[in-house]
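Number of protein chains: 2
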Amino acid sequence: MSYFDAASAVPLHPVARQALHASLDEGWADPARLYREGRRARMLLDAAREAAAEAVGCRADELVFTASGTRAVHSGVAGALAGRRRVGRHLIVSAVEHSSVLHAAEVHEADGGAVSRVAVDRAGAVTAEGYAAALRSDTALACLQSANHEVGTVQPVAEVAEVCRAAGVPLLVDAAQSLGWGPVDGDWSLLAASAHKWGGPSGVGLLVVRKGVRFAAQGPVDERESGRAAGFENIPAIVAAAASLRAVRAEAAEEAVRLRELTERIRARVAGAVPDVEVVGDPGRRLPGIVTFSCLYVDGEALLHELDRAGFSVSSGSSCTSSTLTPSHVLKAMGVLSEGNVRVSLPMGAAQEDVERFLDVLPGAVAGVREKLGAPSPAPVTAAGADVLVVDSLGKRCPIPVIELAKVIGDVPVGGTVRVLSDDEAARLDIPAWCEMRGQEYVGEEPADRGVAYVVRRLA
Amino acid sequence: MSYFDAASAVPLHPVARQALHASLDEGWADPARLYREGRRARMLLDAAREAAAEAVGCRADELVFTASGTRAVHSGVAGALAGRRRVGRHLIVSAVEHSSVLHAAEVHEADGGAVSRVAVDRAGAVTAEGYAAALRSDTALACLQSANHEVGTVQPVAEVAEVCRAAGVPLLVDAAQSLGWGPVDGDWSLLAASAHKWGGPSGVGLLVVRKGVRFAAQGPVDERESGRAAGFENIPAIVAAAASLRAVRAEAAEEAVRLRELTERIRARVAGAVPDVEVVGDPGRRLPGIVTFSCLYVDGEALLHELDRAGFSVSSGSSCTSSTLTPSHVLKAMGVLSEGNVRVSLPMGAAQEDVERFLDVLPGAVAGVREKLGAPSPAPVTAAGADVLVVDSLGKRCPIPVIELAKVIGDVPVGGTVRVLSDDEAARLDIPAWCEMRGQEYVGEEPADRGVAYVVRRLA
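If you read the sequences in order, they're chains A and B. For the first sequence, the residue numbers in UniProt numbering are 1 to 460. For the second sequence, the residue numbers in UniProt numbering are 1 to 460.
It is possible that some hints are incorrect.
Note that identical chains are pooled: a pair holds if it fits in a single copy or bridges any two copies.
Listed below are the simulated DMTMM-like cross-link pairs for lysine to aspartate or glutamate, each with C-alpha atoms no more than 25 Å apart in a straight line [as the list claims (entries may be wrong)]:
(1) 396 x 25
(2) 372 x 109
(3) 332 x 223
(4) 372 x 446
(5) 407 x 436
(6) 332 x 26
(7) 332 x 222
(8) 372 x 138
(9) 407 x 441
(10) 372 x 187
(11) 396 x 187
(12) 372 x 222
(13) 407 x 46
(14) 407 x 425
Quick caveat, the hints were computed from the structure, so don't treat them as lab data.
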C-alpha cells in the first residue's frame with residue numbers, strides 16, 4: 001500500500017511513538033496537583049510547551065494546547081472576535097480556508113456578525129490587495145491559511161499580515177498544512193495548528209495568541225491552559241506532538257527538496273500521460289508534497305476506488321466523493337474543474353518507486369473509469385446538426401452532464417449552442433471549466449422548469 | 001509512592017495500554033476516507049462505540065466521543081439547553097456538581113439564562129424533592145452527578161430522573177466518577193463521562209444523548225461524531241478508552257467490595273486516631289474508593305506536603321490548596337469544615353499495606369502541622385475574662401483564624417462572645433463548622449471596617 005494522503009493525516013512519527021510510550025508512565029496525572037505525580041506531569045507539559053513554542057517562534061506563555069486543530073481554530077476565532085467586539089463584528093476569511101475556519105465564520109454570521117470572503121485566483125492564492133480591500137473600520141479579525149490543504153498553494157501570509165497590522169487588525173493564521181515544514185513568516189497575531197498533520201498523535205492542536213492581542217475565551221473555561229482550553233490536559237499526546245514537531249523539522253529542508261522533485265514529476269507526467277486533465281494549484285509557490293489534478297469525464301469516487309484497488313490512498317474534492325454532493329469549496333473558488341479530482345499528498349519519506357508505480361497505474365485507471373461511464377473519445381467527431389441542442393441530464397450526477405455535453409457539441413454547427421439541463425450542483429462549476437479546457441464559449445446559466453440550463457456555444 | 005488520588009486521574013490500565021499500542025498502527029487515518037487506512041480506522045471507531053455503548057447501556061448511535069469529559073459536559077449542557085430553548089431557559093444543577101457543570105451553568109447565566117442550584121444535606125446528597133421543588137414550567141434541563149467527586153456520596157439519580165421525566169424535563173447525568181463501577185440506573189436523558197477516570201487515556205470523553213431528546217449542538221460543528229463533537233477523531237485513544245472501560249467493569253464488583261472495606265477502615269481509624277477531625281460524606285451511600293475528612297487547626301497545603309514527603313499522593317478541598325483561595329464549593333454546600341481537608345481516593349488495585357501505612361503516618365503528620373501552626377491543645381484551659389473578646393485575624397489565612405478563636409474561647413466566660421475579624425473567605429465556612437464540632441454557638445457575621453466579624457458565643 002502507498003499512502004498518499006498526508007494532507008489529511010500521517011502515521012505516527014517514530015519519535016512521537018517513543019515519546020508517547022515514555023510519557024504514558026510519567027504524564028497521566030493532573031499537572032495542577034502538588035504531589036509527585038502531578039509535578040512530573042507539569043514538568044513534561046512545560047517542556048513540551050517550550051519545545052512547541054520554539055518551533056512556532058513564539059513565547060511559551062503565548063501557546064496553549066487544544067484537543068485538535070479544529071478546536072484551536074474554533075477557539076481562536078471566537079476568542080479574537082470577542083476580544084475586539086468593541087471595534088466591530090466584521091470578520092475576513094479567504095474563500096479557500098479549511099472548513100473549520102469557514103464553520104467558525106458561519107457561526108459568527110448566524111450570530112449577527114458580518115463576514116467577507118476574499119476571492120482567490122485560478123491558482124488558489126489570495127493577494128494582500130484583496131485583504132486590503134476587504135478591511136473595514138469595524139473589522140475585528142482576519143484569517144488566512146499558511147498554505148491550502150487541497151491544492152498546496154502557499155499564501156502570501158507576511159504581506160497580508162502587514163496590511164492587517166497597518167489597519168490594526170489581528171491576523172489568525174491556520175498553519176495546519178505547513179507547520180511541519182517551518183515557522184510561519186510575517187507579523188501574524190494568532191496561529192492554529194494540528195499535530196496529526198506532522199506525525200504527532202491525534203487529539204492535539206495548538207493555539208498561539210501573541211502578547212498584546214485582545215482575546216476573550218468563549219464558552220465555559222477552567223483554570224487549565226491559561227483559561228483558553230478547558231478540560232484535563234492530554235500530556236502524553238502533547239509530549240509526543242512536541243517531540244515529533246522537532247523531529248520533522250530536523251528533516252524538513254532536505255525532505256522538502258526531495259518531495260518537491262517527486263511532485264514536479266507527477267505534475268509533468270500526469271499532464272502528459274492522461275488526456276483531458278487539468279493540474280491545479282500554483283506550480284511554484286506550493287507545499288513540497290501536494291499535487292492536485294482533475295480529469296474530465298471521470299467520476300471521482302470510481303477513480304479513487306480504482307486507485308485504492310491498485311494500492312494507492314489518495315483523496316478527492318469531487319462532489320461525488322463527499323457526503324454533501326457539492327464539490328470542494330476550494331476548487332469552486334478557484335473556478336477549476338472539480339470532476340475526477342485527485343489530491344496526491346506525499347508523506348515525508350514517500351518512496352520514489354511508489355510514485356513511479358502510481359504514475360504507471362494512473363492513466364489506465366482514468367481510462368477504465370471513462371470507458372465505464374461512456375466518456376467521449378479525446379477528439380470528438382465534428383458533425384453538423386441543429387442550431388440548438390438540448391441535453392437532458394436531470395437526475396444525473398457528476399461527471400455525466402459534462403460527458404453528455406462533450407458527446408453532442410460536435411452535433412451543432414460552429415456558432416450553435418447546447419443547453420445542458422442539470423440539477424447537479426457540480427455542473428455549475430464543471431461546465432464552465434470544460435468550456436475553458438476545450439476552447440468553447442460558456443454563455444451562462446438560465447433557470448429551467450427543473451434544475452438549471454447551462455448554455456454553451458460551440459466555437460471550434 | 002502510594003497514589004491515592006484516583007478521583008482526579010488514574011494511570012493507564014494495562015488493557016488500555018495494549019489497545020493503544022495496537023491501534024496506533026491501525027487507527028491514525030481519517031475514518032471519513034474511503035481508502036484502506038480510512039476503512040480500518042472507521043472499523044476501530046465503530047467497534048469502540050459499540051463497546052462503550054454496551055457499557056453505558058445505550059445504543060451506539062446515541063453515543064459520541066469527545067475530547068474530554070469536560071468537553072462532553074460543556075457540549076451536552078449547551079446542546080440540551082439550545083434544543084429546548086422554546087420551552088424556556090431555566091437550568092437546574094445541584095450545588096455540588098463538578099466545576100465543568102457549574103462553569104457551563106455560569107455561562108448560561110451570563111447569557112441571560114436562569115439557574116437554580118439544588119442544595120444538599122450535610123452528607124452531600126440531593127433529594128428528589130429538592131429537584132421537584134426547583135422544576136418550573138420553563139425548565140429546559142436538569143443536571144445531576146451520579147456521585148460526588150470530592151466526598152464520594154452517591155446521588156439518587158433514578159429518583160431525580162423520575163421526577164424530571166414526569167415534568168418532561170431531560171436529566172443530564174455527569175457520570176465521571178462512577179461509570180467505571182457500573183452503568184447509571186434510572187431513566188436519564190443525557191450522560192457525560194471521562195476515560196482517564198477509569199484507566200483510559202486522557203483526551204477521551206463520551207456524551208450520550210438518548211433518542212428523542214431534543215438536542216442542538218452549539219458552536220461550529222463538522223461532519224464528525226454526528227455533528228456533536230468537531231475535530232479529527234482520536235481513534236487510538238478512543239479504542240483504548242473503550243477497552244479499559246470493559247476491563248475495569250469486569251473487575252468492578254469484586255474490587256468494589258475490597259476498596260469499600262479499605263475505606264471503611266480509613267473512616268473508622270481516622271476518626272479514632274486523629275483528634276478534632278470530621279469525616280465527611282455519606283457513610284453508606286458512597287463510592288467504594290473515596291473517603292474525605294477535615295482536620296481542625298490544620299493548613300491543608302502543609303498537610304498535603306507532609307503526606308507527599310511520606311510518599312502519599314492525596315488531594316484537598318481546603319482553600320489554601322487552590323489557586324482561588326476559596327474553599328471547595330462542595331464542602332461549602334455541605335456546610336462542613338473545609339480546613340485541613342484531605343480526600344483519599346483509592347485506585348482499583350490499591351494495596352492494603354499502603355493503606356495501613358497511610359493510617360500509621362497520618363496522625364503524626366497532622367500533629368506536626370498543628371504544632372508548627374501553634375494550634376491549641378485538644379482540651380483548651382478554661383479561664384474567666386472579659387465578656388467580649390475581639391480577635392484580629394485580618395490578613396491571616398485558613399486555618400489561623402480558627403486557631404486564634406480556639407485559643408481565646410476559654411478566656412471569655414460562658415455566655416460571653418468572641419468576635420473574629422477575618423478577611424479570609426474560608427472563615428465563613430470554618431468558624432460555624434468549628435462551633436458545631438465544639439458545641440459552641442455561632443451567632444452570625446457582621447460587617448466590619450475591614451473584612452467580616454464572625455461572632456461566637458461560648459456555651460461550654
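Are the CA atoms of residue 407 and residue 46 at most 25 Å apart within a copy, between copies, both, or neither? Neither way: residue 407 and residue 46 sit 64 Å apart in one copy and 44 Å across, limit 25 Å.
Practice prompt. Measure nothing new, just compare the shortest in-copy and cross-copy C-alpha distances for residue 407 and residue 425 to 25 Å and report within, between, both or neither.
Written response: within (20 Å within a copy, 82 Å between copies)
- request: Give the relationship of residue 407 and residue 436 under a CA distance limit of 25 Å: within one copy only, between copies only, both, or neither.
  value: within (16 Å within a copy, 93 Å between copies)
Quick one: residue 396 to residue 187, C-alpha cut-off 25 Å, is that within a copy, between copies, both, or neither?
neither (48 Å within a copy, 47 Å between copies)
### Query
With identical chains treated as interchangeable, where does the CA-CA distance between residue 332 and residue 223 reach 25 Å or less: within a copy, between copies, both, or neither?
between (42 Å within a copy, 20 Å between copies)
Margin query: I want to check one pair: residue 372 and residue 187. Are their C-alpha atoms no more than 25 Å apart within a copy, between two copies, both, or neither?
Written below: For residue 372 and residue 187, the Cα distance exceeds 25 Å both inside one copy (52 Å) and across copies (54 Å).
For residue 372 vs residue 222, is the C-alpha pair at or below 25 Å within one copy, between two copies, both, or neither?
neither (57 Å within a copy, 34 Å between copies)
One pair to classify: residue 332 and residue 26, alpha carbons no more than 25 Å apart. Within, between, both, or neither?
Neither. Shortest intra-copy (48 Å) and inter-copy (34 Å) distances fail the 25 Å Cα cut-off.
Status of residue 446 relative to residue 372 across identical chains (alpha carbons, at most 25 Å)
neither (31 Å within a copy, 88 Å between copies)
Reference check for the pair residue 407 and residue 441, CA-CA at most 25 Å: within, between, both, or neither?
within (16 Å within a copy, 97 Å between copies)
Exercise. First find the shortest C-alpha distance between residue 332 and residue 222 inside one copy, then the shortest across copies, and answer within, between, both or neither for a cut-off of 25 Å.
Key: Between copies only: 20 Å across, 40 Å inside.
Within a copy, between copies, both or neither: which one fits residue 372 and residue 138 at a CA-CA cutoff of 25 Å?
neither (54 Å within a copy, 60 Å between copies)
Figure legend: structure checked against the earlier numbered hints; hints not met, in rising order: 1, 2, 4, 6, 8, 10, 11, 12, 13.
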